[in-house]
Amino acid sequence: MLHIKCPHCGLRSQNEFSYGGDATVKRPELNKEVSDQDWDNFVYLRKSPRGKHLELWQHISGCRQWFKVERDTLTHEIFRTLKANEEI
Amino acid sequence: MSQNFRLDKGGLIDRSKSISFKFNGKNYSGYEGDTLASALIANGVHLVGRSFKYHRPRGFFGAGVDEPYAMVQLIRDNESIPNVRATEQELFEGLEAKSVNCWPNVDFDIGAINNFLNRFFPAGFYYKTFMWPRSFWYKVYEPIIRKAAGFGVVSANHDQERYEHKYEYCDLLVTGSGPSGLASAYAAAQNGARVILAEDKSRFGGSLLTSEVSIGNQSGHEWAENIISELKSMPNVTVKNRSQVFGYYDHNMLVMSERISDHLPKTNKYTPKQRLWYIRAKEVLISSGSIERPLVFGNNDTPGVMLSSAAKEYLKIFGVLVGKKPLIFTNNDSGYETAIEFKKNGIDPIVLDTRKDPSSEIVNEAKSLNIDIKFSYVVVAAKGYKKVKSADIAKISEDKKQLSQIENINCDCICVSGFWTPTIHLASQSGNKTKFNEEIDAFIPGQSKQNETVLGSAKGIFTLEETLKTSFEKGSELSKKITNKESNISVPSVVEKKHTNHDKFWCVPLPEGKNYKRFLDFQNDVSVSDVELALREGYRSIEHVKRYTTLGMATDQGKTSNLNGLQLVSDVENKVVPQVGHTTFRPPYTPVSIGAIVGREIGKHSKPTRKSPMHEWHEKNNAVFVDAGVWLRPRYYKQGNENLFEGSKREAKNVRQNVGVCDVTTLGKIDIKGPDAAELLNRVYTNAWLKLPVGKARYGVMLREDGIVMDDGTTTRISENHYHMTTTTAQAANVLSHLEYYLQLVWPELNVNVVSSTEQWAGAAIAGPKSRDVLQKLFPDLDVSNEGLPFMGYVEGNLFGVNAKIFRISFSGELAYEVNVESDNGNFMWEKIMEIGKEFNIQPYGTEALSTLRIEMGHVAGSELDGRTIPYDNSLEGLVSKKKDFIGKRSLSKSAYVAPDRQKVVGVVPLDKKTSIPEGSYIVKDAKAKLPNPKLGHVSASCWSVEHDNPFSLAIIKDGKNMIGQKLFAMSPLKNKTIPVEIVSSHYVDPKGERVRS
Numbered sequence: 001m002l003h004i005k006c007p008h009c010g011l012r013s014q015n016e017f018s019y020g021g022d023a024t025v026k027r028p029e030l031n032k033e034v035s036d037q038d039w040d041n042f043v044y045l046r047k048s049p050r051g052k053h054l055e056l057w058q059h060i061s062g063c064r065q066w067f068k069v070e071r072d073t074l075t076h077e078i079f080r081t082l083k084a085n086e087e088i
Numbered sequence: 001m002s003q004n005f006r007l008d009k010g011g012l013i014d015r016s017k018s019i020s021f022k023f024n025g026k027n028y029s030g031y032e033g034d035t036l037a038s039a040l041i042a043n044g045v046h047l048v049g050r051s052f053k054y055h056r057p058r059g060f061f062g063a064g065v066d067e068p069y070a071m072v073q074l075i076r077d078n079e080s081i082p083n084v085r086a087t088e089q090e091l092f093e094g095l096e097a098k099s100v101n102c103w104p105n106v107d108f109d110i111g112a113i114n115n116f117l118n119r120f121f122p123a124g125f126y127y128k129t130f131m132w133p134r135s136f137w138y139k140v141y142e143p144i145i146r147k148a149a150g151f152g153v154v155s156a157n158h159d160q161e162r163y164e165h166k167y168e169y170c171d172l173l174v175t176g177s178g179p180s181g182l183a184s185a186y187a188a189a190q191n192g193a194r195v196i197l198a199e200d201k202s203r204f205g206g207s208l209l210t211s212e213v214s215i216g217n218q219s220g221h222e223w224a225e226n227i228i229s230e231l232k233s234m235p236n237v238t239v240k241n242r243s244q245v246f247g248y249y250d251h252n253m254l255v256m257s258e259r260i261s262d263h264l265p266k267t268n269k270y271t272p273k274q275r276l277w278y279i280r281a282k283e284v285l286i287s288s289g290s291i292e293r294p295l296v297f298g299n300n301d302t303p304g305v306m307l308s309s310a311a312k313e314y315l316k317i318f319g320v321l322v323g324k325k326p327l328i329f330t331n332n333d334s335g336y337e338t339a340i341e342f343k344k345n346g347i348d349p350i351v352l353d354t355r356k357d358p359s360s361e362i363v364n365e366a367k368s369l370n371i372d373i374k375f376s377y378v379v380v381a382a383k384g385y386k387k388v389k390s391a392d393i394a395k396i397s398e399d400k401k402q403l404s405q406i407e408n409i410n411c412d413c414i415c416v417s418g419f420w421t422p423t424i425h426l427a428s429q430s431g432n433k434t435k436f437n438e439e440i441d442a443f444i445p446g447q448s449k450q451n452e453t454v455l456g457s458a459k460g461i462f463t464l465e466e467t468l469k470t471s472f473e474k475g476s477e478l479s480k481k482i483t484n485k486e487s488n489i490s491v492p493s494v495v496e497k498k499h500t501n502h503d504k505f506w507c508v509p510l511p512e513g514k515n516y517k518r519f520l521d522f523q524n525d526v527s528v529s530d531v532e533l534a535l536r537e538g539y540r541s542i543e544h545v546k547r548y549t550t551l552g553m554a555t556d557q558g559k560t561s562n563l564n565g566l567q568l569v570s571d572v573e574n575k576v577v578p579q580v581g582h583t584t585f586r587p588p589y590t591p592v593s594i595g596a597i598v599g600r601e602i603g604k605h606s607k608p609t610r611k612s613p614m615h616e617w618h619e620k621n622n623a624v625f626v627d628a629g630v631w632l633r634p635r636y637y638k639q640g641n642e643n644l645f646e647g648s649k650r651e652a653k654n655v656r657q658n659v660g661v662c663d664v665t666t667l668g669k670i671d672i673k674g675p676d677a678a679e680l681l682n683r684v685y686t687n688a689w690l691k692l693p694v695g696k697a698r699y700g701v702m703l704r705e706d707g708i709v710m711d712d713g714t715t716t717r718i719s720e721n722h723y724h725m726t727t728t729t730a731q732a733a734n735v736l737s738h739l740e741y742y743l744q745l746v747w748p749e750l751n752v753n754v755v756s757s758t759e760q761w762a763g764a765a766i767a768g769p770k771s772r773d774v775l776q777k778l779f780p781d782l783d784v785s786n787e788g789l790p791f792m793g794y795v796e797g798n799l800f801g802v803n804a805k806i807f808r809i810s811f812s813g814e815l816a817y818e819v820n821v822e823s824d825n826g827n828f829m830w831e832k833i834m835e836i837g838k839e840f841n842i843q844p845y846g847t848e849a850l851s852t853l854r855i856e857m858g859h860v861a862g863s864e865l866d867g868r869t870i871p872y873d874n875s876l877e878g879l880v881s882k883k884k885d886f887i888g889k890r891s892l893s894k895s896a897y898v899a900p901d902r903q904k905v906v907g908v909v910p911l912d913k914k915t916s917i918p919e920g921s922y923i924v925k926d927a928k929a930k931l932p933n934p935k936l937g938h939v940s941a942s943c944w945s946v947e948h949d950n951p952f953s954l955a956i957i958k959d960g961k962n963m964i965g966q967k968l969f970a971m972s973p974l975k976n977k978t979i980p981v982e983i984v985s986s987h988y989v990d991p992k993g994e995r996v997r998s
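Chains as they are written, first to last, in my numbering: chain R, 1 to 88; chain Z, 1 to 998.
Calculated from the structure, these hints are not laboratory results.
Fair warning: there could be bad hints in the mix.
[Claimed, not checked] Only pairs whose alpha carbons sit at most 35 angstroms apart, straight line, appear in this in silico DSBU-like list of lysine-lysine:
(1) Z/Lys-673 / R/Lys-5
(2) R/Lys-83 / Z/Lys-481
(3) R/Lys-52 / Z/Lys-481
(4) R/Lys-26 / Z/Lys-889
(5) Z/Lys-367 / Z/Lys-389
(6) R/Lys-83 / Z/Lys-282
(7) Z/Lys-449 / R/Lys-52
(8) Z/Lys-269 / Z/Lys-604
(9) Z/Lys-935 / Z/Lys-967
Next comes chain Z alone, as it looks inside the complex (with noise of 0.2 angstroms):
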């Protein structure tokens, strides 16, 4: 393939190494360093895409992030990407990239015919068109607007990709490596602190790379070559290529994004992606530069038509012409340097200047040069469809209101500069409260908020002379404050040239009898008369304009847009921009993939597993594991073809009928320890603590001061002034700072020490009436008897040498010990429980049949305790001391908590002893009320009773207390079942507890 486009020398890229692409489906080749977009162009090719509205054809308007228009789909190692730059892609080895937004092909679009029906969608169509019938938003409208607008696909597949984070800290972050950039961190690690250097672009150098200048003896090039060369060797500092600073957030954290592996085929193993950097800076710098403003006339968005600055580019970097027959527009000096570019490479531009008489070094160059230079004249409109073919052009008037002598001439681009916008956005971001400029029509940051200094063009500096001047001693004075260190650096000489004023102008008028469209926003397909309607409809707050017109609400966050839409706002208005004011710049500057975002948390890294010392044999033994917080826990262990009902049906049978053991280890244990413990417990907790003896345990219930219940648990005096707590899984962190708020803040005078103890403890409840016999086999030695060791009762016990906590508690309602041993001792203990159990009969049970277990017993666990319950609501009041004071106890004098009619849990059984009822359903009177039926309470927790062999369910209903007996309905609306039960005893087995104490 020809690359008509491309000059015989010059550029930065490497013409040794050719490449070979796909653009929709054909070949093409460029060099290494070009970017996809540059390679294109080369190629001749300038239609990429269809734009987000009218679908009207789209080229490439850019050369970097600004860039509104060339979005691709992007095939990469089997990976579809959508929305990627082509300005920003750079180009690897059979890369191939598709057109978006457009069907069936970019050439011949099915949705440009909105182009033509554009009268129908002016500004706010959404709002006006889609509104009536109701119904059909869901249905017609909004499945249409979301296939037709829109721009990539993205891919339905698992993203492979790797991503990192990295958290940094610095002294300096220098957020661009354009001269400011570049002198203010040579300057500062020359004072020895430590300094982040990052660039967006894969080159160093920024304008330096484009512009035709001269730093001491060297071309600005060659300058910033060796200044990043040296700023490499020099161990304090960090320089990072194809990184974007994106966001500016509290107390100077800045985040970046750095495309390691997006510029090659695919993504070398072992190193990510993409990388997300946390950088927490003690100054930033912000050396972010500017960008071109755009000159707003008909048909501004043709193909064809594009920054000055960005021609420039493609010329100097990577030796393509954007046209052969170059029209350059412009109100300022800036595009004179592209004319003297394309005239020294052989091209005749003709400049159309809007000012009437400029007078300044370059434009003196620009006439000896012989280049053909038209005052006061405008482009009134880009005439041609899918590429620029000739432009109508213009005499203004000198009040910029009247056009004369309008003519067509030939040319193939028309290269656009309207000045330049300083790029704010971090320093906006960080809280600066930014001014408007009148001198160069911007705004500028003003007072820092946090710790930004913004530098060189950034700040409206235009000079390089200024810019390096200024950077080297900020750079200097900021490091100076850190390091206490100074080194002398002098500023080397500039050769520059000077420019002259810019012409305040950025809009053509329409001439007679034309309606051109003139788009301000290129990306959303936002036009000056989509602005005017707006206002004349009555909104006046930029902040409606803009969300009413969208505005500079595309991806491009209005980098080449915003200005433009301020002025005409403030042009409509009469007011002055500063009155206007601008819209919010927030963060990301440049869209981040959701990919580097999320990091390595995906999957089973999202949290941390937690697994207890016996999980290596439950997995052995068929275990299927549930979360369980943090936890993985055995739910049931499968034997055969059985299912969750059937096996932990099993396994509960079997701990009423002989022995199970359970893995308690995900309990949450908190070590007490201190002379004010049974004080402390006695505060906490709602029952009396004080008279607890040594070697007892007690079961308790802590509330919230707004008298909710938050926990329960047991706790176990081990000796005098030492105690074992016991929280549930969910809730054994809270439940820790919850005491060790109370002892730092509310009574410090307490001389008590509070530690998690979770993971030194490995757990197994052994439960069942052959249990005893379990444990007396276990423990030989030990008098395991109902009066050697009755129920609440603690003891220690030597496990075949190994030292344990034996604990008479009971979660089942059956007879039951907990033993507890070093964690690293716990599989060793599971293993002498199995293997001594087997004679009993003994077999593991999981949190299901725990469930079962407590469900049919009437023990409240989390369902119920699920942050709305007081104790009574669950028949623990009989646990309130009366006599004592406690966290939250003044709560439960209040009036709804007393009601006669409060809500209260109890057991619910279907009428047909077979239909199981879901969770969560609703209790009612009538099932067949009329809407909204009243609701007595809802079902907190429903089993299969292993006991009674029906299903059996605990609820929490109103006036619980008086509704034994009652028949009533519980109903499912999820599940569509309404089922007939009767409210029983929520003690469905075992009501008088005499099993625990057998």
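This is chain R alone, in the form it adopts within the complex (with noise of 0.2 angstroms):
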């Protein structure tokens, strides 16, 4: 079980969070014109990269708060975690 430090409440165990999928993902913006491949790419194309990932995490069981990972997807080690606001 993996130890998630939360920006927000600190060291906690796997259970209390959600996974959420691909940190660096973008949204295309509402109201804006897209193209079929751009859209498509947003909505299902995902690298699964051996190594270093940026993803997402919500502290379901804690303060709800979505947040982003860094985690080695060999090995599980986390390098940092950030605020949904932060940048690496």
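Using the hints, build the complex out of the two chains.
Following this line, the structure appears as structure tokens:
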């Protein structure tokens, strides 16, 4: 079980969190033209890297905040966690 | 019963407490402090089971977790427990155990014929023999193999025992209480660190209990006892015996199973049988010691052949002789310790040492004790079937290939020592890249992966002096990092006997003309010839050899067999062991009870049960409940002998004719506040929300980004910046997370707060033509006329002194209202509704009637919004705004979603108006078409229409828009039914929706 540092609450066990996928995906802006290709990329295409991955988690049984986790998908090492509005 | 093999004195057992027990129906006695194994050996019992494949007789090989043979079926407190290792099971009064894997009994086992047919059971025989004919596998081969192989029998009864889970945090976790564990735990504890010390056996001390050493001016055993009692007295230390740390997981999480009651005749009330500890440690000190390696020779599985360290343990801890004419077969100095121990107790052992001329303190001591030692000698084969009776021994040439002077000597046990294998399992599980150490012919831990530090013989350090020194240092150093405190501890002086090098020899060659079975894996019956065959057949990777031969795959996970297997592969392949590599160590290190893993999460405790505030009323009124997510909801209220069908029909009919009331507390509710609340709703729902006036509700549909319908519900504008959103019962949690996702990550500029208010409100839906009459009497001061409170209107009222929210919304399709009050007042509200509704013939209705009402109205719900449908499929395209953007809108223009023959929800009526259509049935054009019959769609929900008094279903079918009026078939291969049906509009009742507005 991972040990994840919520940027708001501190170190907690994985079972307090839920996983939310790739944190680098940007939703196209509302009311803007989006090509089929770009939209499909946004909805479906995700990289599945071996190694460092910036991903979203929600502290579902805690502060309910979404935040970012930089994790190694191979070793589960967590390098850092960031608040939703923080960038690497 | 006499204990012929028990010494008159000695050992750590309590001779004042005699314990009687039963094995295979016979009565025996032992002492408190015995294990089942030591007590059986004391009674001269060495035949305990039969082997897995060949059903060869099996005895005892070890004295602890490494035991590959002695697994028994234990009867304890009327429960039958399989695969209990006799070497670990402590004796208790009245203990009863049986042999496993033998029939009719362990002495005469019919399966032993396999032993004589063994040429037909080589490595991989399952793969070779049972491939043809294919149909035979399930019916013939598999059941026979299943019966013949395997070990204990699992009880079919519900396990009544109680198991617990515990979560714990500590600075240092120390796994094992041998010299390295005690020294490091003590040093860390002195520095003020929070320490957990875990020992898998009942006694602390590890090797100190059996070795002849002194520390300071005490014996090793005394030193261990003093350290343990000091540790126990410290508030920052938790000391646990009978506790096996079996798994090292991510981020320094370790799992330990504590056997709390297994050593007692029955579990005491209010204590668990076992407890599983999830321990998050800042530092992990692995002091798990080492396990002696077997030497491989002919018939080395005969009962009476055992590890020399085990023989010593039986002697020193239990005062038990494993034999009275022992033969010690060793390639190193450890065997001499056992020999000397025998000698001290008046037994004359013979030592066969594979080395030519070793010289060390302990060898010299053995010589001076006049022990018969034969150098450059080996055991060629054990003789005897159910117990060792003699051994063929021989002189071995210097190149270890030629045997000469083979002779037979009498003996009743053979104690083998092939040097030591560090127990690196936990380190390896942590991710530690282990490395092969040529000096000790074994793998030792390399670079740490997580915060694991390996100590003592687990690291390949075999002298006590160095072990203590390094362990004190490590314990102090690691704890100081955490506590910033350092107390001065002087490492005590040590007296121990120096050992000299072991002989890199592990497998005795076969003498000419002999074909003895030489076993590597004692539990899975894998012999040298099996591995050789696998290699001849082309298997190269050690992982493949393992799976093909099953070497190391038994429940002991190869604790005694892995390294010898690797040695053999490297010998045959002419590689060095590190090139061959070892197989992966996976948790658990020892088998763990399923009960302990499950813990208390069984039956009703497997998930939380949520009940509405009106639950007790439902119970009193004969509600039959159904699980709805984590909620319990009334399915129908049973009257007399009614069944579900009759009851729900009565309830639904009463809603259509009079008035009914349904508990809708479980609906998800989200409170939304903030100046941008309307904007948020406008972005998450498909329809327009900016112009919804205060005091009005609106039905909305929300999509995922891929255009699939996520959820639906009504949201009401309570005041300017305050909305009350409802979701389906099932999606409540997901919708909240969904809103939080967009608010926190995508549109953080929106000034909105959302919070779940599901449990704050109790809800009652009052539905039916007479619902207005009931509402008027509930709220006499309110104008509840069609003009005063129109469809989709919202008003707040006072229900006999209780604040209430009244929504004119309808799921049933009838004139209906939903009244919400604070949860605490839910029961009061419900009783008032029932009391006032009496004159209007009000009846409560459950989820089954609720479904009936919505299905015949053609209202879509969870069975249509199934994660595969878009708004169009559910005839919700009218709610999709063309003017504004929203979540998922861009996806709706995908070509598949706008295809002219896109699937759509329709109504389905059986032509005979009698036969109910099973949910999940396929809709097909031609019932007799060749398979695979192209399916048009599926039936999503079925009911008995109370309005038309015939079955009615909803289905989602291809080109549904143009299918109305068609005669098709509903097929259910599962129920073996084919029903001719007609496709009709999904709105089977009140298609214009007049009733809700009346």
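*Holds or violated: are the alpha carbons of Z/Lys-367 and Z/Lys-389 at most 35 angstroms from each other?*
Holds: Z/Lys-367 and Z/Lys-389 sit about 26 angstroms apart, inside 35 angstroms.
*Can the restraint linking R/Lys-83 and Z/Lys-282 be considered satisfied, given a maximum Cα separation of 35 angstroms?*
Roughly 25 angstroms separates the two Cα atoms, so the pair holds.
*R/Lys-52 paired with Z/Lys-481 [C-alpha distance capped at 35 angstroms]*: holds (29 angstroms)
*CA of Z/Lys-673 to CA of R/Lys-5, is that 35 angstroms or under?*
holds (29 angstroms)
_Just to be careful, I want the Cα atoms of R/Lys-83 and Z/Lys-481 compared with a cutoff of 35 angstroms; is the pair within it?_
Within the cut-off at roughly 29 angstroms; holds.
*Given the hinted pair R/Lys-26 and Z/Lys-889, is their alpha-carbon gap at most 35 angstroms?*
At roughly 16 angstroms apart (the allowed maximum being 35 angstroms), Z/Lys-889 and R/Lys-26 satisfy the hint.
*Holds or violated: Z/Lys-935 with Z/Lys-967, Cα cutoff 35 angstroms?*
Holds, because 14 angstroms separates the two Cα atoms, which is no more than 35 angstroms.
*When you check the alpha-carbon spacing of Z/Lys-269 and Z/Lys-604, does it fall within 35 angstroms?*
holds (20 angstroms)
*Holds or violated: are the alpha carbons of Z/Lys-449 and R/Lys-52 at most 35 angstroms from each other?*
holds (17 angstroms)
Every hint, counting from the list given before, is met by this structure.
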